[in-house]
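Asker: Taken in sequence, the protein lines are chains A and P.
Counted the way my numbering counts, the first sequence spans residues 1 to 438.
Counted the way my numbering counts, the second sequence spans residues 1 to 438.
Treat the hints as calculated values from the structure; they're not laboratory data.
Take the hints with a grain of salt, since some may be wrong.
The list treats identical chains as interchangeable, and a pair is accepted whether it falls inside one copy or across any two copies.
[Unchecked claim] Straight line, CA to CA, 25 Å or less: simulated SDA-like cross-link-like pairs of lysine to any residue: (1) 149 x 435; (2) 49 x 211; (3) 49 x 94; (4) 413 x 425; (5) 209 x 409; (6) 209 x 411; (7) 413 x 385; (8) 413 x 206; (9) 111 x 26; (10) 413 x 428; (11) 149 x 159; (12) 413 x 424; (13) 49 x 356; (14) 270 x 144; (15) 111 x 45; (16) 217 x 206; (17) 209 x 426; (18) 149 x 254; (19) 209 x 46; (20) 49 x 252; (21) 209 x 300.
There are 2 protein chains.
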Amino acid sequence: MTQPVTSTEPRAVLRGQAPVPSRPATGRPTVVIVGAGFGGLRAARALRKTPVDVVLVDRHNYHLFQPLLYQVATAGLEPEQIARPVRAILRRQANVEFRMTEVTGLDPAGKRIVSADGPIAYDYLILAVGGQTNYFGLESVPRHGFGLKDIPEAIRIRNHVLHAFERAMLEADPERRRAELTFVVVGGGPTGVEMAGALSELIRLVLVKDYPRLNVKDVRVLLLEATDRLLATMPARLRDAAAETLWRKHVEVRFGATVADYDGGRVLLKSGESIPARTLIWAAGVKAVSLTGRLGLPTAQQGRVPVAPTLDVPGHPDIYVIGDAAYLEAGGAPLPMMAPVALQMAETAAENIRRRIAGKPPVEFNYRDPGSLATIGRNAAVAYIRGIGFTGFPAWVVWLVVHIIQLIGFRNKVFVLLNWAWDYFFYERAARLITSME
Amino acid sequence: MTQPVTSTEPRAVLRGQAPVPSRPATGRPTVVIVGAGFGGLRAARALRKTPVDVVLVDRHNYHLFQPLLYQVATAGLEPEQIARPVRAILRRQANVEFRMTEVTGLDPAGKRIVSADGPIAYDYLILAVGGQTNYFGLESVPRHGFGLKDIPEAIRIRNHVLHAFERAMLEADPERRRAELTFVVVGGGPTGVEMAGALSELIRLVLVKDYPRLNVKDVRVLLLEATDRLLATMPARLRDAAAETLWRKHVEVRFGATVADYDGGRVLLKSGESIPARTLIWAAGVKAVSLTGRLGLPTAQQGRVPVAPTLDVPGHPDIYVIGDAAYLEAGGAPLPMMAPVALQMAETAAENIRRRIAGKPPVEFNYRDPGSLATIGRNAAVAYIRGIGFTGFPAWVVWLVVHIIQLIGFRNKVFVLLNWAWDYFFYERAARLITSME
Numbered sequence: 001m002t003q004p005v006t007s008t009e010p011r012a013v014l015r016g017q018a019p020v021p022s023r024p025a026t027g028r029p030t031v032v033i034v035g036a037g038f039g040g041l042r043a044a045r046a047l048r049k050t051p052v053d054v055v056l057v058d059r060h061n062y063h064l065f066q067p068l069l070y071q072v073a074t075a076g077l078e079p080e081q082i083a084r085p086v087r088a089i090l091r092r093q094a095n096v097e098f099r100m101t102e103v104t105g106l107d108p109a110g111k112r113i114v115s116a117d118g119p120i121a122y123d124y125l126i127l128a129v130g131g132q133t134n135y136f137g138l139e140s141v142p143r144h145g146f147g148l149k150d151i152p153e154a155i156r157i158r159n160h161v162l163h164a165f166e167r168a169m170l171e172a173d174p175e176r177r178r179a180e181l182t183f184v185v186v187g188g189g190p191t192g193v194e195m196a197g198a199l200s201e202l203i204r205l206v207l208v209k210d211y212p213r214l215n216v217k218d219v220r221v222l223l224l225e226a227t228d229r230l231l232a233t234m235p236a237r238l239r240d241a242a243a244e245t246l247w248r249k250h251v252e253v254r255f256g257a258t259v260a261d262y263d264g265g266r267v268l269l270k271s272g273e274s275i276p277a278r279t280l281i282w283a284a285g286v287k288a289v290s291l292t293g294r295l296g297l298p299t300a301q302q303g304r305v306p307v308a309p310t311l312d313v314p315g316h317p318d319i320y321v322i323g324d325a326a327y328l329e330a331g332g333a334p335l336p337m338m339a340p341v342a343l344q345m346a347e348t349a350a351e352n353i354r355r356r357i358a359g360k361p362p363v364e365f366n367y368r369d370p371g372s373l374a375t376i377g378r379n380a381a382v383a384y385i386r387g388i389g390f391t392g393f394p395a396w397v398v399w400l401v402v403h404i405i406q407l408i409g410f411r412n413k414v415f416v417l418l419n420w421a422w423d424y425f426f427y428e429r430a431a432r433l434i435t436s437m438e
Numbered sequence: 001m002t003q004p005v006t007s008t009e010p011r012a013v014l015r016g017q018a019p020v021p022s023r024p025a026t027g028r029p030t031v032v033i034v035g036a037g038f039g040g041l042r043a044a045r046a047l048r049k050t051p052v053d054v055v056l057v058d059r060h061n062y063h064l065f066q067p068l069l070y071q072v073a074t075a076g077l078e079p080e081q082i083a084r085p086v087r088a089i090l091r092r093q094a095n096v097e098f099r100m101t102e103v104t105g106l107d108p109a110g111k112r113i114v115s116a117d118g119p120i121a122y123d124y125l126i127l128a129v130g131g132q133t134n135y136f137g138l139e140s141v142p143r144h145g146f147g148l149k150d151i152p153e154a155i156r157i158r159n160h161v162l163h164a165f166e167r168a169m170l171e172a173d174p175e176r177r178r179a180e181l182t183f184v185v186v187g188g189g190p191t192g193v194e195m196a197g198a199l200s201e202l203i204r205l206v207l208v209k210d211y212p213r214l215n216v217k218d219v220r221v222l223l224l225e226a227t228d229r230l231l232a233t234m235p236a237r238l239r240d241a242a243a244e245t246l247w248r249k250h251v252e253v254r255f256g257a258t259v260a261d262y263d264g265g266r267v268l269l270k271s272g273e274s275i276p277a278r279t280l281i282w283a284a285g286v287k288a289v290s291l292t293g294r295l296g297l298p299t300a301q302q303g304r305v306p307v308a309p310t311l312d313v314p315g316h317p318d319i320y321v322i323g324d325a326a327y328l329e330a331g332g333a334p335l336p337m338m339a340p341v342a343l344q345m346a347e348t349a350a351e352n353i354r355r356r357i358a359g360k361p362p363v364e365f366n367y368r369d370p371g372s373l374a375t376i377g378r379n380a381a382v383a384y385i386r387g388i389g390f391t392g393f394p395a396w397v398v399w400l401v402v403h404i405i406q407l408i409g410f411r412n413k414v415f416v417l418l419n420w421a422w423d424y425f426f427y428e429r430a431a432r433l434i435t436s437m438e
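Could you put together the complete structure from these sequences and hints?
Answerer: Rendered as C-alpha cells:
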C-alpha cells in the first residue's frame, strides 16, 4: 500500500537540516512571526493583503484567550471553549503558513531563527513571544503554588481546588481541614480580583450543593495585595467598589500583605504572619517569557526587549518586538503587559513592514487606552472606559459583551454564551471534573 | 479569623484511623458500593428508597460515559461533556454519601473495605469496579501505544494524533512522514470500529482543511482484527455492512492480523509483516480491573470474580459483584463486559439486598440483551435490536437517539447534541487542541 511521494513541503524548517530558503521561491519577502497570542495572530492577519509570505510559529497549536483562563481554573468553562486551533483561525488566509515548533534561538546576522525542528529564515521578524508568571525570585511559590498563564496550569488549579474539597471531607482533624479549605490568591490586579471572585462564587453558589455536610464557615478565600489598592490603574471610586464587592462575596481582601514564602501548607507573610493554606494561586506579576534572554538581544526590566518607537530593535531594523515582550515607555512609564497593547503594536509593526517594503518612512507607535474592565462575579464588575467609570450590573453586561465579541471563533462565542447563561440561571458549573490525581 | 469547629463528618473513613462505625448511627444497614461506573451508579440509585445508608466510593469524582470516549479521542467532544460529577448526579438522593478515595483491599471477616483514607465498614458490599484494557501480556503495547478506557487516555490519543500531523508537516523524509501519518487501531469490536471510523473522518473531513499542503494519500488508517470478522456478536449481513462502510470511509480493514509487538515506530504482526506507524490504539480486549486480584476473592478468566446466579460471591453472602468485574455464564458463555450487563446486574444486586433485609429469598440474574449498536461515522451505523438488523442512516439515527438518552445530565445531553449538530453541518471538530507536548 505504498503511495507515490509528492512532497509539497516548504523547505524552511526541514527537520535537522542546514538553513535553506524559507519557501519555494515566490519572490516575496518572508515575515516570520514568533508567537500566536494576541500580538502574533493580529500581526499575521494585518499582513493578509501585503505581498509577503508569513510563517507563524508557536509551540502550541492553538490561540488561547487568556482573559477567560480563570474561568477554566474555576470550573466555569472548558478549555476548548477559550482556545482555537491556529490553523482553523488562519484557514482562509493564503499567504500564511503555520509551524508548530519551539523557538530556541536567534541568528540576526544570518537572518534566521533557530527552532527545535531546524532554522527558519526571515526577511522580517516579529517577536510576539508573550509573558509568563513573575515570581520575583520566590522559588518555593512555583513549586507549591500555581501560576495562571496557560491551559495546563488552569486545569491543575481546577483539579487541586476540587480535590481539596474531597480531601476535606475525609479529614478528621479540624485544623487540617480548614487548611484544605483555605484558598489564597496573591495579587490585586484584574487576574487576582477575577480569580478570587470566581473562586468564592464557585464555592458559595455551587460546591455547597455538592457537599451538604460542609460547614461553609470552614472555607476561606483570601486575596493578598502588597500595596494599599486593588486594580491600581482604576480611579479610587472603582477600586473601592471592587474591594467592597469582593468582601460581599466573602473574599477576605488584605492590603499590605507581601508573601515571603510558601511551603504548600503555610503562606508566610513578610509581616511574620503565617496563614495555613493548601492552595496558593499567584497572580502577582508578569514578565517577558524567558526566551527573550536567550536571543542575544538587550533586555530591560522584566526581561522585556527595548524597542524604538517604531517597534524595531535598535541596531536590528528587521526585527520587531511587540506585546509583553517589548519594552517601550509612554508618558514616562512602561506600557502595561496587556492584550490591547499587543494588538495595537501588531498593527503598527505590520504597517511598518509594509512601509519598509514600499520605501516609506515608518510610523511611531501611539497607544490608545481602550479602558479596563474586571468582573467580580454574578452581576458585578467594574469598568473604566474613556474616563467614565461604572460598576455593578451595567459594568458586568459591558464586560460580558466585550469578552464575547473578542473571543475568536463563532463556535466559541456561542458555546461560551450558552455556558454562561446556563450557569447564571441554574447556579451551576459544568466542568467540575478532577481529571488527574495529585 | 478562626471559625468555630463543627464536625459533621461521618467517621467511617477518617484519615489514618482505626476502623470505626461507618456512620453516625441511623440504625440502618450500610451498603458500600465500590465504583461509580454504569453498575455502581445504577445500584446506588436503585437503593434510593430502600432503608439503607449507601456509601459510594470511587477514585474519580465523576461518572464517565465510556461509550463516547472515542469521540473525545478524535476531537469531537470535550471531556466535560461526557462526564458528570458523582455528587451532582446524586445530589437529591438523601441516603447516599460519596467518598473519593482509592480502594486498596478487602477484609471480609471484619466486614470492611480498606481505602487509601482508612477502612470503610459495610453490612453489604457491591463491587462494581469495572474493567481495564487487556493487552494479553504484550508489554510493549501499553508502553508505546494507547488504550482507551479513561479521560486522560482519550486526551493523550487526541494530543498524539494531532501532533502527528504537525510533526509530519516538519518532516522531510517521506518514509518517516508516512509513518507519522499511519494510524493503527487494533480490535474489531464496537470500540475499534467506532474509533477507526471517527479517526478517518476527522482526517478526511476536517484535518485536510487545516493542512492544505497535506497529501491525503500519505495518510492511512488501519483496523486490525485477529479473527475473520468485525462486531462478532452481530449477524453476517451487518458485519459485512460494517466492513464495507469502513472501506468506503478509507479505513483499511485487515482480518487475521494479530499484533505480536510494537516499538513505537513499527507494528509487528504475527505473520512477520511489519507496518511503520507512529500511532497504535489498542481496543482489542478488556479484563476486570487489577484490583479484583488483590481482594482475596477467587478470580476466573480476565480477572473476573465468579458469582452465584444471585450475584453474591459463594462463601461471602454479603458481597455482590456486578458488571465487568463479575464472572457469570449465560447460555454456556460468560456474559459480555458491556454496560447493559452492568446496569441490569445493579438492579438485581439492589433487589437481592432489599430481599435479604426483608427476609425474602433472592432472585437470580436474568440477562435481557437490549441489542447492539455501532456507529461508523456520518450517517453510517449498524444496529441489531430484538433480532432486527438495520444499517446506514436509520441505524445512525437510532444510535444517536439512544446515546443522547443514556447520557447522564440534561446539560450534557444539550451540549453534546449541539456539538454534534455543529460538526454535522459544518464538517468541524471543536476540540482540536494539543494540550500537552509529548
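Asker: Decide, hint by hint, whether the structure agrees.
Answerer: We went through each hint and held it up to the structure:
no., hint, result
1, 149 x 435, "both (19 Å within a copy, 13 Å between copies)"
2, 49 x 211, "between (56 Å within a copy, 21 Å between copies)"
3, 49 x 94, "within (10 Å within a copy, 64 Å between copies)"
4, 413 x 425, "both (18 Å within a copy, 17 Å between copies)"
5, 209 x 409, "between (34 Å within a copy, 16 Å between copies)"
6, 209 x 411, "between (31 Å within a copy, 17 Å between copies)"
7, 413 x 385, "within (23 Å within a copy, 40 Å between copies)"
8, 413 x 206, "both (24 Å within a copy, 20 Å between copies)"
9, 111 x 26, "within (18 Å within a copy, 77 Å between copies)"
10, 413 x 428, "both (19 Å within a copy, 15 Å between copies)"
11, 149 x 159, "both (16 Å within a copy, 20 Å between copies)"
12, 413 x 424, "both (16 Å within a copy, 18 Å between copies)"
13, 49 x 356, "within (15 Å within a copy, 78 Å between copies)"
14, 270 x 144, "within (18 Å within a copy, 49 Å between copies)"
15, 111 x 45, "within (23 Å within a copy, 67 Å between copies)"
16, 217 x 206, "within (15 Å within a copy, 50 Å between copies)"
17, 209 x 426, "within (12 Å within a copy, 38 Å between copies)"
18, 149 x 254, "within (23 Å within a copy, 46 Å between copies)"
19, 209 x 46, "between (48 Å within a copy, 22 Å between copies)"
20, 49 x 252, "neither (51 Å within a copy, 43 Å between copies)"
21, 209 x 300, "neither (50 Å within a copy, 42 Å between copies)"
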